[in-house]
Amino acid sequence: MAFTFAAFCYMLTLVLCAALIFFVIWQIIAFDELRTDFKNPIDQSNPTRARERILNIERICNLLRKLVVPEYSIHGLFCLMFMCAGEWVTLGLNIPLLFYHLWRFFHRPADGSEVMYDPVSVMNADILNYCQKESWCKLGFYLLSFFYYLYSMVYALVSF
Amino acid sequence: MYPPTGCYGAPPQQQSYPTIPAHSTPAPHKAPITNSAHSANYYQSNHQQQQHHHQLPQHHVAPSQYSAPSSSVPPSQPHPTLHSSVPPPSNAQYNQQQHPPYATPGSYYGQQSYHSQQQQQQQQPNLVPAPAGGPGAPLYPIVSYPSAPGSSQYGTLSSSQSTSAPGVPPTQMGAPLHQYSTSRPAPTTAVQPGYSVAPTSQLGPTVNGQGSTVHQHYDQSHQASLSYDSYGRVTHSSGGADADRPPSGTPSTSVHSSPGHHQGVQYGYVANSGASSASATTSGPAAAPLSSSSEDDDDDEEEDEEAGGDTSSSSTGSASPVPNSYDSLEGGNYPDSMPPSNDMTNQAAPYGSYGYPSMEPAYQQGPASHTDSSPSHDLYSQSSYQQYSQPFPNLSQLSAALGGLSGVPELEVEALRPVNLLQERNLLPPRPLEAPEPNLSPDLKKVNCSPHTFRCTLTSIPQTQALLNKARLPLGLLLHPFRDLQQLPVITSNTIVRCRSCRTYINPFVTFLDQRRWKCNLCYRVNDVPDEFMYNPVTRSYGEPHKRPEVQNSTVEFIASSDYMLRPPQPAAYLFVLDVSHNAVEAGYLKYFCELLLDNLDKLPGDTRTRVGFLTFDNTIHFYNLQEGLSQPQMLVVSDIDDVFIPSHDSLMVNLKESKELVKDLLTSLPAMFSQSRETHSALGPALQAAFKLMSPTGGRVTVFQTQLPTLGAGALQSREDPNQRSSTKGVQHLGPATDFYKKLALDCSGQQIGVDLFLLSSQYADLASLSCISKYSAGSIFYYPSFHYIHNPAQLEKFQRDLERYFTRKIGFEAVMRIRCTKGLSIHTFHGNFFVRSTDLLSLANVNPDSAFAVQMSIEDSLADSSLACFQAALLYTSSKGKRRIRVHTLCLPVVNQLSDVYAGADVQAVTCLLANMAIDRSISSSLSDARDALVNAVVDLVSAYKSNVSNLQQSGLVVPAAMRLFPVYILSLLKQKALRTGTSTRLDERVFAMCEFKTQPLQQLMRMVHPDLYRLDNMSDQGALHLNDTVVPQPHLLHLSAERLSRDGAFLMDCGYVFYLWIGKCCSEVFIRDVLGCPNYASIPPNMSHIPELETPLSERVRAFLDWLQDNRAFSSMIHIVKDDASAKATFFQHLVEDRSESASSYYEFLQHIQQQMSK
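Going down the list, the protein sequences come from chains A and B. Under the numbering used here, think of the first position of the first sequence as 1, with each following residue one higher. Under the numbering used here, think of the first position of the second sequence as 1, with each following residue one higher.
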């Protein structure tokens, strides 16, 4: 039974990982909402609906964008902590995602004003599909890593 | 698409309708425009509102004039109560008239719909522009007779208004769908007889029938159109669309006529191409576009609204881009109308490069020999190809004969013939390339959508994504959904029949399982045929749902019922936002804008509810109170640009009819008002915010004129262009917006149904990349006039004037949404164009105009193996300028194939090029320009290698591509040399960005002319293969490759670049040509900046002008012509379009091919 820094890291990441899972679930719901616009197809063509719908898209995109930095920084924090704790294996597992996040964050369109989830383009099906897939993949990754962290935490606590 | 007679089974009536009289008549009934009488009282409520005087906000600096207006009165809703109080006179009569005697269930149906319409009227008075109870507006003497037996709602026609003699204020009965059958004396007596054919119950191809008609005569200027009503009526009752059909046996008529022609068309009903050609005939090419435009417009609008009247509706003055091929493809009715394409091919030599005809001299390979533009290649002229050398018409007949899904072998084989690009150098067909015809059965071909409206990159859809990937070609659609059509069936019915699961509109490609059920062609669901649909208004028979116009035409327009609107349709509202800073005054555009608007004030599309407003800005924002009753316009200045507010809500956007005098006053005084302006700053952002606030209640169109970089308030921009980087070969920076202010504002605008059109007239960098966002996402259009100056740059000024004229008068649709559906298994994933994507298949278009096009990319999600056809349907729901909700539906049907060779055979090289251009633009903004260029080059490399490895079994070295794609490398090379994508040549950032915007929004034909201009030699035009239009002969010179080696010093060459023509005169050009065409004695005396062709009486001049007019006919914006002398410095602009030659920074075509070959061998 040893409460090492590593164990602390795992406990913390466990909590944060749960938060990430919530983020991702929220994203999935948001994309779903973006995608399913139709309640009533006739209604959809209504000019008055347009305003509502556009506001909705903008709102969702804004929220999505607000979540980007927290999510990425939390994940960055994981990597930092695992590095400090010397948990190289865990770090190795997270590094690919870290690089992906960095790429995603910096490889943005040339205009620089919008990171991603640009309301004017997010509804293009390829972008939406991509985002949705990304969210599902991340959800899987976070879920797996949640259990992995749980296991590692217990392992770290129990060993010695 | 417009079914030829054969399709209907009924022979066209042979009465030859005197179309010509129709034409000649418009003059008599064109009444002077005297609307003033009835303009009166739409907005009485406004007056009351004025009493609510309001305290002005403190922070608002108001000049002395600014006292009256009330500031916070809620925006007046147009025509609120008035309508109800003024019972539309027509109603009562409507009621009576519609008692179709026929006892068939159909009649029941007709009646039913009628009643419901009535209800609609009553419930929503707004919808019905009731006659203004203006002084002296008499009720129309409406004599409505029961329609001819059997005329149901469809069969009838509204009689109504035409009686109103000129001078009677136009009240109109706009009740949406009445149809009267009528026999009211029409003013246009001259014409009437021709049409007053007795009803015959032929199975008319008519769409006429549908008639729902809405006659809205808003003012007198529309008188002319009354006559149409009457035709329509008659036609209706006669049930025969044929009424308008041109007399058969006039093969030489062709459709390429001058813009004036649509009148003819309008009369003519019809869903048949025949009609259009007839109309074409009637109109003389001589009709000057401008002069005709006014009536056209009226007609157009009228027709539009009255739609049902007869079917053929709108065509605007500028005519659809390429009527000819439209006809030829859609019309089907070859013998009758003989579309020009056939014409040409009939008389002219068969396609040179297609045919390899034996009659041509054998083509020697090698550079020396290709001076001849119609080569026959020895190489290929072996026997196997000779069979294809028949003249085209035979081909089409043949294909019809052989047609069917089994394929049209010769077309296919020809399209697949491998072409070795390195050896074959004469690739261009003698005439501009037409869209490939999908390999469908003749029946389907006949009804298929026009390629000008709807075009797919692959006219044979691969069965699976794997096959598509193998082909290395992009799959996508190019749409021009709102283009001006020469004929359009308009349908009114109670229930618009749609698939219950996917909401597809019923179309010609559905299958009827039996009389009561139809199977959707997109989702394969089996639906019931509603009772109403069982009745066919055209034939007036029951139980023939497959003969309904919806099922006979792949382009139709429905008048939507109230289900499709939540709020009453908005009135047409136009706000003009004008830059009046020092820079703008220097450029001098304001005077021309005002003049043109004054001239076109009556031609702005709209009705009695039309609202206009003006707003000017420099470092402050000026509003204009134009409230009726003022003696002169009042200017209200808001100088607080950080927090813009609207000083008066009800008097800034005013009813055009009521305040016309004030508007005219304002337009007259505006140029002088700011002539002394010294203010150099520009508060564009705040002005746009003000415009947004002003327009929010109604939506509408905002037209912004800007002459410099916005420097004040929200949305201020800095100059980002580094002139030294203009010719950089590395990347180009700043292609994206610098701020998201404009994008956000555009989204707000889009939400309020406001479209923003931008005219940028800047001589300096104005950051179009940022500014364009305001139009891009609000479905606006962008116009750019670099170095505009009213004295120093007459060419730009003229272009500006022409564009503006078209802009003011073109059709407009408000509050539009467009949905594109495709067969199950296909899915759309990316959209290109100006709009906001509201849902994965729904585009939100605040405004839709007839000149913008869209592109979409698709992927194949599920295998299409279980069906042999793939269909695409674009439905555009919009509010017309007359306040009607309408749905325009286009359906395209294409075969599905499972062989790679078939995919290549059906590839549409122009569509592929345009789609790739769109993708490249996206790529250059999201990634970088060099990426985009590489991607384009790779597209060629991929295609060639894919073809080599998968299809071609020839062990040929070199670059082998299928014949269908033989122009692909040339087009890609041209793309790379366009302003948008070129590197190494000095290009201003704004011009580059503008070129990119153009790529995204221009219709395919126009884009192709810009990318790869058409080059003709004019000095030795022969009459061989000439078109005969009416009495003019339009010579058809052959296309030349864009290379200087095709030019010669003793010739005169015309280059058609879409927006501009260049006429290049060689140094040794024959003096006869110079004298006869240009009116100059010799080469030296040609003035350097000549920009028109004088109207000389010489045969040569007439031919040249006929050819130019003919080229011009097909496009929306009239093009300028520049005469370029060989020695003039201006020749650089001409030579830069010779894309096959090497330029300072780009390779020649041959080098490009070698580069491709190198890339392949890697």
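Each hint should be verified, as a subset may be incorrect.
[Stated by the list, open to error] Below, in silico cross-link-like pairs of lysine-lysine (DSSO-like), each with a Cα-Cα straight-line distance of 27 Å or less:
1) A:Lys66 <-> A:Lys133
2) B:Lys824 <-> A:Lys133
3) B:Lys470 <-> B:Lys979
4) B:Lys591 <-> B:Lys660
5) B:Lys693 <-> B:Lys660
6) B:Lys591 <-> A:Lys133
7) B:Lys744 <-> A:Lys66
8) B:Lys519 <-> B:Lys824
9) B:Lys979 <-> B:Lys730
Hints are computed from structural coordinates only; laboratory data are not their basis.
May I ask which of the numbered hints given earlier this structure violates, with the numbers listed in increasing order?
Of the numbered hints, 3, 6 do not hold.
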